[in-house]
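> Keeping the supplied structure of chain A fixed, place chain B upon it in accordance with the hints.
Protein chains in written order, with numbering that gives the first Met the number 0: chain A, 0 to 337; chain B, 0 to 337.
Source of the hints: derived by calculation from the structure; they are not laboratory data.
It cannot be assumed that every hint is accurate.
Where chains are identical, the list cannot tell them apart; a pair therefore holds if satisfied intra-copy or between any two copies.
Said to hold, decoys possible - Lysine-lysine pairs mimicking DSS-like chemistry, simulated, CA-CA at most 27 Å apart:
hint, residue 1, residue 2
1, LYS236, LYS304
2, LYS1, LYS304
3, LYS187, LYS236
4, LYS200, LYS236
Nothing here was measured: the structure is a model prediction, and the numbers come from that model.
There are 2 protein chains.
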Amino acid sequence: MKIALDAMGGDHAPEEIVRGALEFLEEPEHRDVEVILVGSEKDVAPLASASRHWGTRLQLVHAPERIGMDLAPTEAVRRFKEASIVVAAGLVGSGQADALVSAGNTGVTMVAALRAFGRIRGVERPAVATVVPTLQGPAVLCDVGANVDCRPSHLVAFAQMGSVYAEQVLGIPKPRVALLSNGEEENKGSEVVVAAHAQLKELAGLNFIGNIEGRDIFHGGADVVVCDGFVGNIVLKLSEGLAGAIATMMREGANRNWRTKLGALLFKSALFELRRRMDYTEYGGALLLGAARVCVISHGASNAKAIKNAIGVAKEAVSRDVTQIIARMAQERVVTEI
Amino acid sequence: MKIALDAMGGDHAPEEIVRGALEFLEEPEHRDVEVILVGSEKDVAPLASASRHWGTRLQLVHAPERIGMDLAPTEAVRRFKEASIVVAAGLVGSGQADALVSAGNTGVTMVAALRAFGRIRGVERPAVATVVPTLQGPAVLCDVGANVDCRPSHLVAFAQMGSVYAEQVLGIPKPRVALLSNGEEENKGSEVVVAAHAQLKELAGLNFIGNIEGRDIFHGGADVVVCDGFVGNIVLKLSEGLAGAIATMMREGANRNWRTKLGALLFKSALFELRRRMDYTEYGGALLLGAARVCVISHGASNAKAIKNAIGVAKEAVSRDVTQIIARMAQERVVTEI
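The following block holds chain A by itself, in its conformation from the complex (with noise of 0.2 Å):
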């Protein structure tokens, strides 16, 4: 199996992502996977060229250019033919790789998957699906990518992709799958979001357990979350930002007295673990589910461990065949519709 890495994408780029790449390669359980960087030579080749690996399981294949941040993502994908994301991508729609990995701008890497190896036939809108932390252990938030205004079939979709990432690629036998809204009714919730719970209530092989509300996320409640893109990237962001937030009253809180600055220092331990728990870093990044191929989006401050997990879940999902079960999943629903 081999993935191309964009070795440019993100804020640690390319060091950080290299890194991981080359933790990556190491772990004995993944010596069947090859690992190719995208990247301006000179830059990424220095960092990797003293692995082992290097010219076997780790190859380079040179992108010159960097993608101008002020553009919109198909304006720049258009534009810088020889980005990395872009000739990343490229290798995949071509079939020279079976994944992509990116930590860079999410609306970039989403352009130039879909362009280079396009959606799944009868997936409308491709959503982008990723793992938040909660009490019970990992659960699925889908929709957090672009799309902003969703009809409720879209919903309907996430929900079945995202069920199909969090059995596959996450090890959860039947996902409790729930759709986001502001009450537990069936009745309760926007137009689309009642409309979609209609549907979904109806739909075969998918363990829907009706609405959830805001406060059952974190506390387990589901291990599929669906919502539109506009309501998931206000929860996911709202999230670390809340979660920010009580890290910095808590260190202003530790610095109040000698007292306080004793408490926290012994106290740090439980603190450590907290911070595992609600780390994004171990779980590796988002999936793009309904593309053709897997494409896997890292977070854009990822570090090594981040871009090491993330190359993780492209490889299981490479090797649970999501792209396939999904394509089957969309062609099924096409057929009831007919």
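For chain B alone, kept in the frame of chain A given last:
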């Protein structure tokens, strides 16, 4: 000034509700306020009759019925004419009281209030505005109520009314008003949000600062955060849920070993401070903006302190003439639209 207090509404009614009223009346700066307790005489009188204000600044109006919780709000209000919330709203509608305060069901309170004293002319959709804590102090979030599917003009009205709340009740001069969206750029957001942005930009007399993302709410990026009731509900409950999940993890963390136990003990004062800053009871309740009289909806879990503060919000809203100011705004808006 007279405030009608639903003594039977809320998880801890009537004990905590009555206690909140008693505490409020004891504070010297509230000498000009009378509280009318509305509820079952045999339940409420024993809790209140020992007060030195009993019969003077503390009155009781008997309301024998309890609302069945399994009914839809409109149905419940229609059927239970002798329920405390219906009687209390009636007192405000008939001019016997200046404001309504309840910790009962939000939907029921809204329906009872709007049936008893209606909306301000020109306000299409009354909205529920609540106060959320941020690193920079309190901010207003509006709507968190029942307005699930909104038009752009509704969001514009929420922005204006929320700004009045922040300025008059919270005392924030020229409050910074922002639209909650999935990106800061003005072309980011759902169709409705993008259209509302365009209208808000052109509006005189409002300190509109553009879009705000989810991550900036708790960092105090705006004084008024505007969204539809679907998103507002999710934001509010998600925040409660995440803060609760973090608290649970910290408790678990504290119990790991003697070191973390001692640490937690020493760190406690800082955690109390954190809890105080995140505590909704400090802020006392949401305001039903656009109703023709002042109506404060307190959290269902309200304790005496939350009720005391809710009565305080009602007093402030009445004395600062919030309803009049919103009525003038609505009239100007109607005139402009013609």
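> With reference to the structure, classify each hint as holding or not holding.
So, going through the hints one by one against the coordinates:
Taking identical chains as interchangeable, the C-alpha atoms of LYS236 and LYS304 lie at most 27 Å apart only when both belong to the same chain, with a minimum of 21 Å there against 32 Å between chains. Taking the closest pair of Cα atoms, LYS1 and LYS304 come within 27 Å of each other only inside a single copy of the chain (19 Å); across copies the shortest separation is 62 Å, beyond that limit. Taking identical chains as interchangeable, the C-alpha atoms of LYS187 and LYS236 lie at most 27 Å apart whether they share a chain (24 Å) or sit on different chains (15 Å). Taking identical chains as interchangeable, the C-alpha atoms of LYS200 and LYS236 lie at most 27 Å apart only when they sit on different chains, with a minimum of 24 Å there against 29 Å within one chain.
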